[in-house]
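Number of protein chains: 2
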Amino acid sequence: MKLPFLRILRSDGRSGQMSEDKGEKLLELARRKGIFWQSYELYGGVGGFLDYGPLGSLLKRKIEEKWLDLFVRKQGIRLVETPIVSPSKVFEASGHIEHFSDPVIDCRKCERKWRADQLLEEQAGISGEGMSLDALEKAIQENRVRCPECGGELGHPSSFNELFKTTIGPYSENVGYCRPETAQGIFTNFRRLSESARGKLPFGVAQIGRCLRNEIAPRQGPIRLRELTIMEIEMFFDPEDQGCDELDRVAKETIRILPQELVSQGGKEPIEIPVLEALEDHYVKYAWNAYFMALAKRFMSDLGVPEARQLFLEKGEHERAHYSVQTFDQLVELSRWGWVEVSGHSCRSEYDLKRHAAFSKVDLSIFKPYRSPKSNKLLKIRPEKAAIHEDFGKDERLVFQLIDESKPEELSEIIEREGAATLSRGAVSFKVTARHIRFGQDEVEEKGRRLIPYVVEPSFGVDRILYATCEYAMTEKKDRTIMRFPLDVVPVQLGVFPLVAKDRLPERAKSLESSLREEGFTVEYDEAGSIGRRYARADESGIPIGVTVDYQTLREDSVTLRSRDTWNQVRTEIKDLPELLRQYFMKKIEFEDMGTLIRRQGSE
Amino acid sequence: MKLPFLRILRSDGRSGQMSEDKGEKLLELARRKGIFWQSYELYGGVGGFLDYGPLGSLLKRKIEEKWLDLFVRKQGIRLVETPIVSPSKVFEASGHIEHFSDPVIDCRKCERKWRADQLLEEQAGISGEGMSLDALEKAIQENRVRCPECGGELGHPSSFNELFKTTIGPYSENVGYCRPETAQGIFTNFRRLSESARGKLPFGVAQIGRCLRNEIAPRQGPIRLRELTIMEIEMFFDPEDQGCDELDRVAKETIRILPQELVSQGGKEPIEIPVLEALEDHYVKYAWNAYFMALAKRFMSDLGVPEARQLFLEKGEHERAHYSVQTFDQLVELSRWGWVEVSGHSCRSEYDLKRHAAFSKVDLSIFKPYRSPKSNKLLKIRPEKAAIHEDFGKDERLVFQLIDESKPEELSEIIEREGAATLSRGAVSFKVTARHIRFGQDEVEEKGRRLIPYVVEPSFGVDRILYATCEYAMTEKKDRTIMRFPLDVVPVQLGVFPLVAKDRLPERAKSLESSLREEGFTVEYDEAGSIGRRYARADESGIPIGVTVDYQTLREDSVTLRSRDTWNQVRTEIKDLPELLRQYFMKKIEFEDMGTLIRRQGSE
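First to last, the sequence lines map onto chains A and B. Here the first sequence is numbered in my numbering, starting from 1 and rising by one per residue. Here the second sequence is numbered in my numbering, starting from 1 and rising by one per residue.
Since the hints were made in silico from the structure, they are not lab data. Among the hints, a few may not be true.
[Claimed, not checked] Subject to a maximum C-alpha distance of 27 Å in a straight line, what follows is the list of computed BS3-like cross-link-like pairs (lysine-lysine): (1) B:K22 / A:K502; (2) A:K74 / B:K62; (3) A:K374 / B:K374; (4) A:K587 / B:K113; (5) B:K74 / A:K588; (6) B:K407 / B:K431; (7) A:K74 / B:K200; (8) A:K510 / B:K74; (9) B:K502 / A:K74; (10) A:K502 / B:K374; (11) A:K575 / B:K588; (12) A:K62 / B:K74; (13) B:K510 / A:K510; (14) A:K502 / B:K368; (15) B:K66 / A:K62; (16) B:K200 / A:K510; (17) A:K66 / B:K377; (18) A:K587 / B:K200; (19) A:K165 / A:K354; (20) A:K62 / B:K502; (21) A:K502 / B:K502; (22) A:K74 / B:K431; (23) B:K62 / A:K368; (24) A:K575 / B:K200; (25) B:K588 / A:K89; (26) A:K66 / B:K587; (27) B:K252 / A:K510.
Only chain A is shown next, with the shape it has when bound in the complex:
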């Protein structure tokens, strides 16, 4: 997966329930509440790197777990984990050393370096994706594109490889690269992995891990990162039998899709179409691609992005990565960044396995048995010993040898056509005829043949998915910000609050906090400030349930539960709490089912 530019598709601005500066508000809240912020702030910050704070790192882990559950565990897909640093051979074979670059251009005045196609898009509205360096230079001159920093004139664009380069061990010639995708760790292990699938197709292998892409000038905050986490699956299938048995399970799922056919005609409105139809109408060429696209839509919907804010855009021939035969980008609409790719769905065909087979000289095909073995007739040469002995005398051994080295089909054809064939070694040659050779046929049973599988790759960018989850979780109610994270990915599940910080309430609340932790919940304790302020802080952290310990708790071991989403409150006995909360977080009961309704706090 190569994350593309922010698309030319422009946001229609409807995405948020909040005002235009939602993106700005989110960035401020993310910093303040410990979701994420730019890395290395202490040293002035470095573009393209992101830190996840206490809330963000929990949210990120939950999103990864949700993906693992949906895409890996439930699908019976295998998981692997391979290194970030690779010897150069791997990326020579994969084509990344040749192709994984972007055009860089420097300012003649201030010497700053920029991504040439990005400047062209920003200043002239022309997409430079896939343009040659010459074409780019021409377009930049014609459109008077200038240095965004000092207004200076720009030089010649050149190609900059975006692999982070290093050396492995103490030998300087031992070049290594940081992986820009996790996929190569799967392809290079194909033999072992197909053995563990007992050589049967289809089978899928997944990986989650850090990847590095040395972006030239990342200027889109948390959206364009040099270090990112990717979750991807390589689904290997038989190119002669491309069916996906699982497709039935999602056949009626509707996806919004914008095929190149439409884009090239200037179309900007996606088609809404059931996934099976998208396949039958050949918009999507590969069944496994269609299947994972349907799952990807569900995944983003579960994370709170409405279907109308999602679409699949097919990439044009020149926009696709070097390995791809068809790619759809799953885009979601974000208030500050427009339509942004959160996952890519490519068919990489047999490209990678073929390349690694060629570079490593290791056979990476798999054996495909025929349903029933084929019986092949094989032409065989049967030399007539007596005639050969008679005609060639002392040379007979050489003649036998030359006959043996001949291809039966060729020899038979020449003798049939010409009446004789000349067999030679060096200066010597012998004329053999039907008198010396007869032909017969052997029956040979062929059980199957070897083939290199095709692969479909759904590839997700965790960082952008987390950003989108935050943006769609962020809502406002009576001037307060509430982060309505979905229950299954919520970073902190419970807040425990003593009503006041005195009269043994903090002690009681702390003991409740630790018993809820023992029960497996993620809990935050807070005793600072009024209870109202603490509820407000909990809403901003997206904590779904506040558990308040008050004087009544000391008398009768019950607590008040307060909902982030409705601001309603119910009263529950502590002994029932763990089981009720478990059911609530598994979405088996509603908040109001957890106790006696005592107060509706919509007007809190």
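Take the given structure of chain A and dock chain B to it, following the hints.
Relative to the frame of chain A, chain B by itself:
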């Protein structure tokens, strides 16, 4: 944490229930069953890199989750996630550019490079850890240490920095390094993190992530890695109030500890001592260190390593990392590798925060309020305007200025002792006496003071912990290998097997497989070969429960459950299965409680 050499402590060979070649068997099984293997096999392999296959990657994730649960969630510690690639400033400040090196030496004959101290230890039995380059060279010559590859003479040792180096972005002067530990991502974010803890001590911050250490010549397979996953906590505490409230919870926990005091006297037998006593007897200097050491022992015990196969070895002054004031390594005994460090427990004092404060010029102290504000008396100078005017005339402004610049305490002392003080600027000077100056006292309220916290760091190497878990899980029974992974980290929970691969049994088994997946279990389906062979394969994969679908299943919707550990079988109705299995994996019921006992298979 800097993983040390394999220790001089030698294994007594008692660690396994299996034969001597247990390590060899484990490596073979790990490759064959998809636990782990050396990376880049396809290209001949690269030392120091490890791939985790389908079983291994699940096991690794489970171990990480268990650690998160025990060390982070239950302790209320905050989690963060920061980048691997860092600008050079970070490691200049941290001291890694200066100190994170090992001595390299090359062979004069074949030009291969080696780690000098490692050769000395291997060939002469002398630990070179912490030796100067000169001392190393001398010892190598005296002990006739040679190239292990060609027997050639060795050159001069030099220092090799083990940070992987790269450049960030298109400017070649923008040097970056891959982190060798996750800790710096926490220290550089100290301000934000202490704000999120509302500036109160103690508080802990954890991180799990990949780290890179460019080892010179890693030759210990999965034990010495160039790329590894570290789980660490930085626990910040008040150096003036070092107590650990949590210590009570583990006070009676016994740890086996080998302090330097004993090691330096040649002692090799650890002391067995309750953790509180280890602290009171000053073996362990910091309470938080003692606390985490107790948790670390529990953690490894839970993962199957008996207490007698664990110990904490205190590192000597010259063996410790540059930042450490006291370090204990938690070692476990492995059959092939001897005593190997799985976690390090250091007190890094205020070293890192002080260094980052100095390099970034940002104040990284925190404000520590006094219990009650202190009232301080402050000496103040009160110039006598009339006398000054009278005696110094046109110079009076300069005199006022010089008085103002003086320190009240010094001035007061001189005048008291000598009767007068001389104040000068350049060539001019003035003699002032008690006639010109009086002294008074102001009351100043001081609410607290600023201090830089100390930090204790428990740091775990996931890869070695996984290896140890596998080794201790590996047992033999009647010539079969059984991987008895603990239930809470088991990679695959259930095997689903049709008794035979015909008569609709596979279909029924597959539908059961998918419903068990929907219920949240990790399931593997297997129909190849006899049921006995499939049970044997499941034992080798460490699958605790086999679920067999047979003809009776078709009639009455019940299945046979078969235990990995006892080989017993029970019969259960499918409708009860999910709840029974859940309880079994939460260790609330025994295997035999899951149904009607039908067969004891100890003699399978």
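Comparing the hints with the structure gives:
1. Proximity of B:K22 to A:K502 is assessed by CA-CA distance (about 60 Å); at most 27 Å being required, the pair is judged violated.
2. A C-alpha spacing of about 17 Å is found between A:K74 and B:K62, which places the hinted pair at or below 27 Å, so the restraint holds.
3. Simply put, A:K374 and B:K374 have alpha-carbon atoms about 96 Å apart, too far for the 27 Å limit, and the pair is violated.
4. Simply put, A:K587 and B:K113 have alpha-carbon atoms about 60 Å apart, too far for the 27 Å limit, and the pair is violated.
5. Taken as a hint, the B:K74 and A:K588 pair is honoured in the structure, with Cα atoms around 25 Å apart against an allowance of 27 Å.
6. Proximity of B:K407 to B:K431 is assessed by CA-CA distance (about 16 Å); at most 27 Å being required, the pair is judged to hold.
7. The hinted pair formed by A:K74 and B:K200 fails the criterion: a straight-line CA distance of about 43 Å is larger than 27 Å.
8. A distance of roughly 13 Å separates the Cα atoms of A:K510 and B:K74; the hinted pair therefore holds under the 27 Å criterion.
9. Taking the CA atoms of B:K502 and A:K74, the gap is about 25 Å. The hint holds against a cut of 27 Å.
10. Between A:K502 and B:K374, the direct Cα distance comes to roughly 25 Å. Compliance with the 27 Å bound is thereby established for this hinted pair.
11. For the hint pairing A:K575 with B:K588, the CA-to-CA distance comes to about 19 Å; that is within 27 Å, so the pair holds.
12. Between A:K62 and B:K74 the alpha-carbon distance is near 17 Å, which keeps this suggested pair within the 27 Å criterion.
13. Restraint check for B:K510 and A:K510: not satisfied, since their Cα atoms lie roughly 47 Å apart, outside the 27 Å limit.
14. Between A:K502 and B:K368 the CA atoms are separated by roughly 22 Å; this keeps the pair inside 27 Å, and the hint holds.
15. Distance hint between B:K66 and A:K62 is fulfilled; the C-alpha atoms sit about 15 Å from each other, no more than 27 Å.
16. Note on B:K200 and A:K510: the hinted pairing holds, with a Cα-Cα distance of about 17 Å set against a maximum of 27 Å.
17. For the hint linking A:K66 to B:K377, the alpha-carbon distance of about 61 Å lies beyond 27 Å, and the restraint is violated.
18. About 36 Å separates the Cα atoms of A:K587 and B:K200, which puts this hinted pair outside 27 Å; it is violated.
19. Proximity of A:K165 to A:K354 is assessed by CA-CA distance (about 25 Å); at most 27 Å being required, the pair is judged to hold.
20. The suggested pairing of A:K62 with B:K502 is violated, with an alpha-carbon distance near 41 Å, which exceeds 27 Å.
21. With a C-alpha separation of about 70 Å, the suggested pair A:K502 and B:K502 falls outside the 27 Å cut-off, and the hint is violated.
22. Annotation: proposed proximity of A:K74 to B:K431 is violated, straight-line Cα distance about 91 Å (limit 27 Å).
23. With a C-alpha separation of about 35 Å, the suggested pairing of B:K62 with A:K368 is violated against the 27 Å cut-off.
24. Pair hint A:K575 plus B:K200 does not hold up; C-alpha atoms about 32 Å apart against a cutoff of 27 Å.
25. Restraint check for B:K588 and A:K89: not satisfied, since their Cα atoms lie roughly 51 Å apart, outside the 27 Å limit.
26. Restraint check: the Cα-Cα separation between A:K66 and B:K587 comes to about 24 Å, which is no more than 27 Å; the hinted pair holds.
27. Proximity of B:K252 to A:K510 is assessed by CA-CA distance (about 23 Å); at most 27 Å being required, the pair is judged to hold.
Going down the numbered hints, you'll see the structure goes against 1, 3, 4, 7, 13, 17, 18, 20, 21, 22, 23, 24 and 25, while the others check out.
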